[in-house]
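Protein chains: 2
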Amino acid sequence: MASPGSGFWSFGSEDGSGNPENPGTARAWCQVAQKFTGGIGNKLCALLYGDAEKPAESGGSEPPRSTSGKAACACNQKPCSCPKADVNYAFLHATDLLPACNGERPTLAFLQDVMDILLQYVVKSFDRSTKVIDFHYPNELLQEYNWELADQPQNLEEILMHCQTTLKYAIKTGHPRYFNQLSTGLDMVGLAADWLTSTANTNMFTYEIAPVFVLLEYVTLKKMREIIGWPGGSGDGIFSPGGAISNMYAMLIARFKMFPEVKEKGMAAVPRLIAFTSEHSHFSLKKGAAALGIGTDSVILIKCDERGKMIPSDLERRILEVKQKGFVPFLVSATAGTTVYGAFDPLLAVADICKKYKIWMHVDAAWGGGLLMSRKHKWKLSGVERANSVTWNPHKMMGVPLQCSALLVREEGLMQSCNQMHASYLFQQDKHYDLSYDTGDKALQCGRHVDVFKLWLMWRAKGTTGFEAHIDKCLELAEYLYNIIKNREGYEMVYDGKPQHTNVCFWYVPPSLRVLEDKEERMNRLSKVAPVIKARMMEYGTTMVSYQPLGDKVNFFRMVISNPAATHQDIDFLIEEIERLGQDL
Amino acid sequence: MASPGSGFWSFGSEDGSGNPENPGTARAWCQVAQKFTGGIGNKLCALLYGDAEKPAESGGSEPPRSTSGKAACACNQKPCSCPKADVNYAFLHATDLLPACNGERPTLAFLQDVMDILLQYVVKSFDRSTKVIDFHYPNELLQEYNWELADQPQNLEEILMHCQTTLKYAIKTGHPRYFNQLSTGLDMVGLAADWLTSTANTNMFTYEIAPVFVLLEYVTLKKMREIIGWPGGSGDGIFSPGGAISNMYAMLIARFKMFPEVKEKGMAAVPRLIAFTSEHSHFSLKKGAAALGIGTDSVILIKCDERGKMIPSDLERRILEVKQKGFVPFLVSATAGTTVYGAFDPLLAVADICKKYKIWMHVDAAWGGGLLMSRKHKWKLSGVERANSVTWNPHKMMGVPLQCSALLVREEGLMQSCNQMHASYLFQQDKHYDLSYDTGDKALQCGRHVDVFKLWLMWRAKGTTGFEAHIDKCLELAEYLYNIIKNREGYEMVYDGKPQHTNVCFWYVPPSLRVLEDKEERMNRLSKVAPVIKARMMEYGTTMVSYQPLGDKVNFFRMVISNPAATHQDIDFLIEEIERLGQDL
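Residue numbers (UniProt numbering), protein chains in the order written: chain A, 1 to 585; chain B, 1 to 585.
Just chain A, same shape as in the assembly (with noise of 0.2 Å):
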């Protein structure tokens, strides 16, 4: 692995200049790097005469790479018969690139250069002796650069050292040993998607203008259908803009398969509407009862046991108990992970609940749908394909770059019915194909993203079998972690018993607190001891990991593994710099 700073650009320590003897020779072969466009063959020419130019030597952390005459030919300084004029950034701006007369040089050189800087980004991601984070405080942060937009525009040089500087700043969200959210890891493929998708700048909503990625969705979307189990992979789905907006999709569509009437007469022509989730549940289940004017009142948080399953029992009671009020239960929301502990609620017994009573089964498997995909994990899920429709966010567990969130619907055509509109100016129905592709009028959005392709492109480069050995990897990782602390002195569970995800919640007892007696003041000060371990960790930028307090628990750990890159190595780390960062609290 290149020490930080080496970056694409670099040149190994044992002959950095590279000087050919012949000076004749160095000219002929200057010509035939003048071939390159995209500046590389002024970086060769550079580097031929081993001025300047050349980029700094590998092995300092996190230099600023200076781009002032960048990439400029060395023709002043020897002689050289390049035959091309140099590209100095400082001269050029925006208005310079394509679409510009005579742009594609100086757009292949930018880009090229762009990319370079990347490359050195995604390299350092990987590099364990580089930081997770360069904190600093956002005042701080404001102050030590001009963020500020102006009339005038700026040279692409300083475009150039802006790039550099917002991921100066940036979390290696890649790193190994970042596991501050359920989305870590960069995968190199799906990143490689990404900008394909960026360059092929469209939007879905029809086929007309996004005919491979319409497909793609088609495909993929299919594909997860099958993986829950859904006969033949039939029925619908979109993908959303994040798992917030899959739930709400959910419930927005279960509430109009209840009551069709309430897309034109609204709220006010139907009963007083019940949704029930789980007091583990994720918050944007509220936040959707909110927005579709069902009110977060009416969502009502059945308990869960000791380890964060939804308790049927009491979810059976809690529907008798609106029924007799004389309101409708219309949508039960299941969690496959939850946030926190990772639980899977018990989706057959909720399935049969569900049946029993006629409501809509939604399960959010945003965080635990990537167990689906593993022969040896997916027991957790079983009774997911009795679901009406599923959350599930390739962008947490199978690591597809952000966003990339799937919501599935058993039915098919409830979407389109629920949520088109037939604007006449987009969806034309005198068009001269299929019009089935165009899929636009199911979704709440006009425009929307393409999301899929990087999802797609990962799944043909890992296979279900990649995904599944990644996942069984990382809850591997999660029970070594778990077997370590559970019996290490200064180490509390939060619940008992093995992680059934990669969540594994603690506490860390400083010593001090080890023999506190005083149970009130222990937990006070328990309660301080993981927000300052954080800070320290980000202080140092050395990992990061989640903490939160729940019910009645004072702030824990939550540690949670989605990272490709992390090892056995990193959790052992990760235990040694909590012990470090917090022994003397």
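Source of the hints: derived by calculation from the structure; they are not laboratory data.
Check the hints yourself; a few may be wrong.
So the derived label-pair ranges between C-beta atoms look like this [to be verified]:
| hint | chain 1 | residue 1 | chain 2 | residue 2 | range |
| --- | --- | --- | --- | --- | --- |
| 1 | A | Q416 | B | E492 | 30 to 38 Å |
| 2 | B | N139 | A | K358 | 34 to 42 Å |
| 3 | A | S417 | B | P271 | 23 to 31 Å |
| 4 | A | G232 | B | N146 | 13 to 21 Å |
List time: in silico DSS-like cross-link candidates among lysine-lysine, alpha-carbon distance up to 25 Å [unchecked claim]:
| hint | chain 1 | residue 1 | chain 2 | residue 2 |
| --- | --- | --- | --- | --- |
| 5 | A | K553 | B | K431 |
| 6 | B | K498 | B | K378 |
| 7 | A | K265 | B | K303 |
| 8 | B | K323 | B | K355 |
| 9 | B | K380 | B | K498 |
| 10 | B | K325 | B | K355 |
| 11 | A | K168 | B | K431 |
| 12 | B | K265 | A | K325 |
| 13 | B | K431 | A | K131 |
| 14 | A | K528 | A | K553 |
| 15 | B | K528 | A | K431 |
| 16 | A | K265 | B | K325 |
| 17 | A | K486 | A | K473 |
| 18 | A | K257 | A | K358 |
| 19 | A | K168 | B | K222 |
| 20 | A | K431 | B | K131 |
| 21 | B | K168 | A | K222 |
| 22 | A | K325 | A | K356 |
| 23 | A | K303 | B | K265 |
| 24 | A | K257 | B | K265 |
| 25 | B | K323 | A | K265 |
| 26 | A | K528 | B | K431 |
| 27 | B | K265 | B | K323 |
| 28 | B | K265 | A | K265 |
| 29 | B | K257 | A | K265 |
| 30 | B | K222 | B | K378 |
| 31 | A | K222 | A | K265 |
| 32 | B | K265 | A | K323 |
Beta carbons: idealized from backbone N, C-alpha and C, even for Gly.
Use these hints to put chain B onto chain A, whose structure you have.
Just chain B now, kept in the frame of chain A:
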């Protein structure tokens, strides 16, 4: 401009081989070349020996670029002391890329090769001699290539091939003759910024994991509010996944402002709410009302004049009517730049009415907002400063890559109160930095894609004046088109007078229809002209422009110009092409 198919790794035709005369020198150079990471060394080496790995000659039309044995070192064929093993993608899989051990070299080579494919596509996008679209019917496209997902992985050679194939069938939305949507063009700085965004792969919900992007959102939204005209740029806002969602946010916040209890109690607790928007407004207003439980029947469409502008007296009349029925008018959504006509509602008159009746004034300036950047054209939005909220999509008229849509709100804090759910696992209150930068809880989404960076970087690169120049140029081109066709034989304008935005709406009347006397038959046949011409355009792949019916007006062309690559010649071409493809109808 290079011929299609040339791209990044092609060479001038004057000397394709680049073979130096001296084999010893070649060997020395090969050694130097091998110091480059990323497969470039191998490419140079192959170039040097002029072997089969040399990229295809330029000039061919879209040859699928062979990746077989790509970038392999030439060592086996010629005497060479290349020190490194070759990168042969046929033997490499995703698992060989980072974070794999020794993954750096294949990763850099792979990403660089993806980049080469993208750069080829970028260059072709601006080349008028290439097709805008290589159209295939859905079933053809499904059969022409195997898009299915399988258990087993594919090698990286196949993955690179998929990238090429995907782009082969893509619409070149940056092509100078692509006029099909409100979002067209491909900005090079915006593209670079979107690549960087993908590489940073993070989420907007907290400062903790997106420090720079959160600050840039703050800076950029403030600047947009200043331009709208709110004192000191005060207020609130968010980048949302598209204009439809931005409009839905406005409706949600307006409702909450008037009846905050709706968040907990739902629509059952409030009187019947009525929203008003013009009959030419975007369909997302109705979509939003359906979703929010308000119902489409409660969206009243106000009459427009013949230019598509809302008639204020009709608005007032309908408000009074509704109030007499005991319903509550809560939102007027005026449109600044309607989708079809590009009309600007009279915002000052609407503002007066909203003030008089204490109704939330929203301006849907998704399409027209860009004109605020132009000193010449911003008068068309006079009164926008009196709005309570504004939708403004920089991904439309300002040419920012998709997606980039802002909702701006005049009152600060309202979004937060409306949407927050205080999830303690995400928005910990005891973190060590200023929590006002954790903006996630004001969104409906939990995960939120980073949409701001491309706008911010483009703004730095162009300056406000650069956006102004782009907008002025597009409006000038629209006027140019209008001036040509208004008196040209065979054209009829859909409405009289100069376009206010870049929308030019017209019928092309083929010669056979010009003499028809039967009005009904003429209308009937005219309604079929635009669809046929459009289908032919797509089959030839020469240009793309939208058409639709509207009210009692049969299918007409709606030309819009937001593409920075378009010139007067492209407008001339469009007219000629319509006539070429439609003269026999």
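### Query
Within 25 Å, alpha carbon to alpha carbon, are B:K265 and A:K265?
Satisfied, since the Cα-Cα distance of roughly 18 Å is no more than 25 Å.
### Assessment of proposed distance window 30 to 38 Å (beta carbons of A:Q416, B:E492)
holds (35 Å)
### Message
Tell me if the straight-line CA distance from B:K498 to B:K378 falls inside 25 Å.
### Response
holds (16 Å)
### Task
Would you mind confirming whether the straight-line C-alpha gap from A:K257 to A:K358 stays at or under 25 Å?
Satisfied, since the Cα-Cα distance of roughly 12 Å is no more than 25 Å.
### Query
Given the proposed pairing of A:K222 with A:K265, does the C-alpha separation stay at or below 25 Å?
Violated, because 33 Å separates the two Cα atoms, which is more than 25 Å.
### Query
Does A:K528 pair with B:K431 here, judged by a C-alpha cut-off of 25 Å?
holds (10 Å)
### Message
Check the hint pairing A:K325 with A:K356 against an upper bound of 25 Å on the C-alpha distance.
### Response
Holds. A:K325 to A:K356 sits at ~18 Å (cutoff 25 Å).
### Task
Please work out if B:K265 and A:K323 have their alpha carbons no farther apart than 25 Å.
holds (18 Å)
#### Entry: Pair hint outcome, B:K431 versus A:K131 [Cα-Cα no greater than 25 Å]
holds (20 Å)
### Message
Can you confirm whether the C-alpha distance between B:K265 and A:K325 stays at or below 25 Å?
### Response
holds (16 Å)
### Query
Given the hint that B:K380 pairs with B:K498, does the C-alpha gap stay at or below 25 Å?
At roughly 13 Å apart (the allowed maximum being 25 Å), B:K498 and B:K380 satisfy the hint.
### Query
Taken at face value, is the distance from the CA of A:K553 to the CA of A:K528 at most 25 Å?
With a Cα-Cα distance of about 12 Å, the restraint between A:K528 and A:K553 holds, given a limit of 25 Å.
The structure fails hint 31 only (numbered hints given earlier).
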